[in-house]
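Taken in order, these protein sequences are the chains called D, A and V.
Take 1 as the starting number for the first sequence in this note's numbering and just add one per residue.
Take 1 as the starting number for the second sequence in this note's numbering and just add one per residue.
Take 1 as the starting number for the third sequence in this note's numbering and just add one per residue.
Check before you lean on any hint, since a few could be wrong.
[Claimed, not checked] Stretches of chain A that chain D covers, calculated by requiring three or more beta carbons in the stretch to come under 8 Å of a beta carbon on chain D:
no., stretch
1, 16 to 26
2, 168 to 181
[Said to hold, decoys possible] If the Cβ cut is set under 8 Å, some of the chain V residues that face chain A in the computed set are:
no., residue
3, Glu171
4, Gly172
5, Lys190
6, Pro191
7, Ser220
8, Asp222
9, Ala231
Derived from the structure by calculation, the hints contain no laboratory data.
This structure is a prediction, so every number in the text was calculated from the model and none was measured.
Think of the CB as a built atom: it goes at the ideal place given N, C-alpha and C, for glycine as much as any other residue.
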Amino acid sequence: MFVIGVALVLIWGLIAAAAPLLATHDPYAIDFAAILKAPGAEHWFGTDNVGRDTYSRVVYGARLALYIGLLGVVAPLVIGMTIGLVAGYFGGWVDTVAMRLVDITVPFPFFVLVLSIVAVLGPGIENYFIALALVGWVGYARLARAEALVLRQSEFVLAARTMGFSHGYILLRHVLPNSLSPIVVYLMTDVTLVILFGAALGFLGMGVSPPAAEWGVMIAEGQTYISTAWWISFFPGLAMVLIGVGFALIGDGLARMLRIER
Amino acid sequence: MNTLRFIAFRLLQAIPVLLGVSIITFILMAATPGDPVRLLVGDRASPETIALVRDRYGLDDPILFQYFTYVKNLIVGDLGASLRYRVPVSQLIAQHYPVTLFLVIYTIVLTLPPVVFLAVWSAKRQNGPADQVIRMLGVLGLAVPVFWLALLFARFFGVTLGWFPVSGFGETVPDHFMHLFLPALSTAIWVVPILVRTLRSALLDEMNRDYVLTGHSKGLGERQIFRTHVFPNSVLPTLNLFAVIVAYLLGGSVIVETVYAVPGMGKLMVDSILARDYFVVQGATLVFALTTILVMLAVDLLSALIDPRVAP
Amino acid sequence: MTTDKIIPAAMALMLSATVLSAQDTIRIASPNKVTVLDPIVSAAGGNIEAYGQLYARLLLKGPDGALQPGLAESWEVSEDGLTYTFELRDAKFSDGSAITAEDAAFSLTRVSKDEKSAYPAGFAPIKEVSAVDEDTVQITLEHASAPMLSNLEIFNAGIVSKDDVDERGEEGAFASDPVTSGPYMVKEWKPNDRITLTANPHYWREGLPKIQNVELIEVSDDNARATMAMAGEIDVNRYVPWAQVEEVNNTDGVSVALEPSTMLYLVLPNHDKAPFDNLTVRKAAAMALDREAITNAVTLGKAEVANSTFSNALNFHDANLQPPAYDPAAARKLLEDEGLVGTEITMMITPTFEQLATLLKAQWDAVGFKTTVERVDAGLWWSNMAKGEYQVTVNWYYNETEDPDLAVRWALCDTCGSQSYYTNYHNEEVNKLTDEALRERDEAKRAELYSKIQQITLDELAQIPLYYAPFSIAYADRVKGLTLTPALQWTLEDAELTPE
Chain D
1 MFVIGVALVL IWGLIAAAAP LLATHDPYAI DFAAILKAPG AEHWFGTDNV GRDTYSRVVY
61 GARLALYIGL LGVVAPLVIG MTIGLVAGYF GGWVDTVAMR LVDITVPFPF FVLVLSIVAV
121 LGPGIENYFI ALALVGWVGY ARLARAEALV LRQSEFVLAA RTMGFSHGYI LLRHVLPNSL
181 SPIVVYLMTD VTLVILFGAA LGFLGMGVSP PAAEWGVMIA EGQTYISTAW WISFFPGLAM
241 VLIGVGFALI GDGLARMLRI ER
Chain A
1 MNTLRFIAFR LLQAIPVLLG VSIITFILMA ATPGDPVRLL VGDRASPETI ALVRDRYGLD
61 DPILFQYFTY VKNLIVGDLG ASLRYRVPVS QLIAQHYPVT LFLVIYTIVL TLPPVVFLAV
121 WSAKRQNGPA DQVIRMLGVL GLAVPVFWLA LLFARFFGVT LGWFPVSGFG ETVPDHFMHL
181 FLPALSTAIW VVPILVRTLR SALLDEMNRD YVLTGHSKGL GERQIFRTHV FPNSVLPTLN
241 LFAVIVAYLL GGSVIVETVY AVPGMGKLMV DSILARDYFV VQGATLVFAL TTILVMLAVD
301 LLSALIDPRV AP
Chain V
1 MTTDKIIPAA MALMLSATVL SAQDTIRIAS PNKVTVLDPI VSAAGGNIEA YGQLYARLLL
61 KGPDGALQPG LAESWEVSED GLTYTFELRD AKFSDGSAIT AEDAAFSLTR VSKDEKSAYP
121 AGFAPIKEVS AVDEDTVQIT LEHASAPMLS NLEIFNAGIV SKDDVDERGE EGAFASDPVT
181 SGPYMVKEWK PNDRITLTAN PHYWREGLPK IQNVELIEVS DDNARATMAM AGEIDVNRYV
241 PWAQVEEVNN TDGVSVALEP STMLYLVLPN HDKAPFDNLT VRKAAAMALD REAITNAVTL
301 GKAEVANSTF SNALNFHDAN LQPPAYDPAA ARKLLEDEGL VGTEITMMIT PTFEQLATLL
361 KAQWDAVGFK TTVERVDAGL WWSNMAKGEY QVTVNWYYNE TEDPDLAVRW ALCDTCGSQS
421 YYTNYHNEEV NKLTDEALRE RDEAKRAELY SKIQQITLDE LAQIPLYYAP FSIAYADRVK
481 GLTLTPALQW TLEDAELTPE
């Protein structure tokens, strides 16, 4: 299973990288003569409502999908781990402050925040990342904190303290590496969710500006044609499912391996 | 008594949290460009009318002043009025909130039994064919975009088969169950995999613990150990995740509410943000936040019930 | 009646009532919201559609679109066109009180003079409205206005009850259950969800409306409405996307009607900002567009390509004019001559225009523009428009009457309150002609004036007209006699539901 996951993700990575070679048409080229054509020899996945080739857009869309998924989790990961590890390790008022931060963030409806940020800052992936950074760090923080709480009692940490190493050093050198396992598992699922939420934004009309080839927007736009030109939504939808499955399987596999280790 | 004090303490702690939420929402709304008045009076309105309405609602007053007026009113229970509808925010919320609450609870009801069943079943038959299938299906359910699935369900189960209504909330309680089935199902399909994985993982962890072996050696049946120890211990982390998911369901309901034209809070929230109906957004966010806090409180109490070790 | 007869009788009554209500309620789904019930406060689409059902006007538009007596039985216009005298018929409000000249005077004064009035443009020439006696109301104008009669039929000229407003105050009277003069009154209003109307027992037209209850349901998602129509959960879908017209039409039990409207879709360049302040650039932009191909691609052949800055449903529309023809090579040459090849432009759009924006961008880029599409939501769009913070955008507008005066004031005149639909197009002569044409009562002369206005605005490319779009509305087969007029009014009072 894990292997399948890795394979899927790698294949998509390759597709994204090799998009210009794999695409059969310019993903942005409109063609009045080829509007809403069914899949066929000329257009393998058919065309959309302005005559753009679906196959090429799906291929190029892989780039955006991976970009969104992989970069979108970076900020939450970094912020969350920092806050969580520090809070769990030091405890006391640091922990209390951190937990209050969590308390304020969790009840905040995610979509409200994203919509507001997009409304304030304008549409664009970067703004979606900002919204994610502001809200998505919580999961990582909790996991990191839980790990840090346990790890600060561990033998090698206590030993390091006795030997006079600074807190900072210990955090970086000992606590962080040992807390990674559950976080990495969570990370993989998070990538899937980030990609999906990005698609949901496209559905609500808050996605990337046209004419970008983003799967979420493609699915949303294609919904009007669900019975007449099913391919517009179907292929990007399929692509999204495959990439999501890939990351999720990696997460699953990692979880299993780590459990075996323990 | 201890429990009551705990609840009181937590509720007290909720106040600064709610204040924080309201400040952040207020700042966001204030920073959002775009004029709500134009959307209210329509395309062809004269600039004079717009200026008048802005003045009436104090939209041009300094920000801090507006915020303090808002908090002042909040303390006496006045959430302000909707700019668009000229009705009290509390009325709008009272109208939409029960719908979303019903939907969320319905989703939970549809989610929990399958979660428990699937997690237990696949944990017991770890790595067996059933386990593999369940995990594969789970991963699929997780990766399909909700809005796409929701539309497909509506078209298939609602139109083609005609089994369920595809829109609205219905008049009577039995109606609600029918109208909200497809929306709840669409949501459950991606929530179930997440919870199953956590629960299954926790179960597997627990099942390998020492005390299980000890229990075996003492002659306790596997079933009994499972029921009295393994399962309760595994539930806790899942319960915590569950709380987070409920928080998400409340806000994320907007998608199914849009696809199925359900008049709930999610839709009210999004419409209000787009229409810059500030007070409604404020009020709705606070209500969401309060609900989440209460759910977390309930989860913590439930956790304490299950495992006295984590009691406050 | 003895007790054991009452109960079954009551039950029979209840049962028949429920059966009746299901049969006698029409469900209309629309993306437009009803937000306020005071007819002068808003000119937003959803409200307009509701006002027409709640408040009757002095005049009524017949099925052929001609003006007929409404609450006014007859009327007289003075020689100089400055005094209009209306004789009101015997009619009652929904609460049973009589509709008097005082109510009419009150309502019309509100719409023309009250600072809250969102759209007083059609009533600007009114000097005073007074109740001469119980059922005679007189309107005096500052200057003549050719379309005054048809302006008195539009949505915000609805007659409201002065007594009610006096009693409950403006806020209270229109909060949730106003006293109405139209075919319907409000049964229940759930803001942001739906408004349920029920027949006004005192409506002046005997025996109408035939349909007892109307539900105006707000459903913003196009697909949700389509699914609801296909599942039979609604009777009318206010807006069917072009792409779904065929499909919905072919579904059993539903058919799509393409009804004439005054909607004009157009490109709006900002005349106050480079590069569109330059006529040559505007010409290049116009010649770069294959408007026929664009129209077909977007509306799948359901709309007509626009030839003028007027909608083809407006009086005095000049069918002989043409915008610059599609000639990308010439367009490029124009840009080259100006040294503006590669000039960057940002097209601001709202989410509904993504397809159109993609097509426009492709064609503009092909002649040498460098277009970036910026998608904003409606609130921000209006904000930017009003402030003039944009270079070019696309949108549509419609007109409440077939008389072009209001349309010209809205879209082509920059001193009339809306800066030429916020394009900041400024032409002294057009402004002058607008006022002249309003006061001119001779038809032939008016035609000439409006023709001239169209000519000038087209030559100067005040806007680039794209296409005239009909309404695309889906009706369940059981609905008979219902259409949406170009003035955005449902002909609900004349419609009926045939039993299945």
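Verification of the hints:
By the rule of at least three residues with a Cβ nearer than 8 Å to a Cβ of chain D, the coverage given for the stretch 16 to 26 of chain A holds, with 6 such residues. Three residues within the 8 Å Cβ limit are the bar, and the stretch 168 to 181 of chain A against chain D gives 0, so the coverage statement is violated. The criterion of a C-beta within 8 Å of any C-beta in chain A is met by Glu171(V), whose closest approach is roughly 7 Å, and the hint holds. Interface hint at Gly172(V): violated, since its Cβ lies 11 Å from the closest Cβ of chain A, which is beyond the 8 Å cut-off.
The closest approach between the C-beta of Lys190(V) and any C-beta of chain A is roughly 6 Å, which is under the 8 Å cut-off, so the hint is satisfied. At its closest, the beta carbon of Pro191(V) sits 4 Å from a beta carbon of chain A; the interface hint therefore holds under the 8 Å criterion. About 7 Å separates the beta-carbon of Ser220(V) from the nearest beta-carbon of chain A, less than 8 Å, and the hint is met. A cut of 8 Å between beta carbons decides the hint on Asp222(V): the least distance to chain A is about 11 Å, and the hint is violated.
For Ala231(V), the shortest C-beta to C-beta distance to chain A is roughly 5 Å, which falls under 8 Å, so the interface hint holds.
Going through the hint list in order, the structure does not satisfy hints 2, 4, 8.
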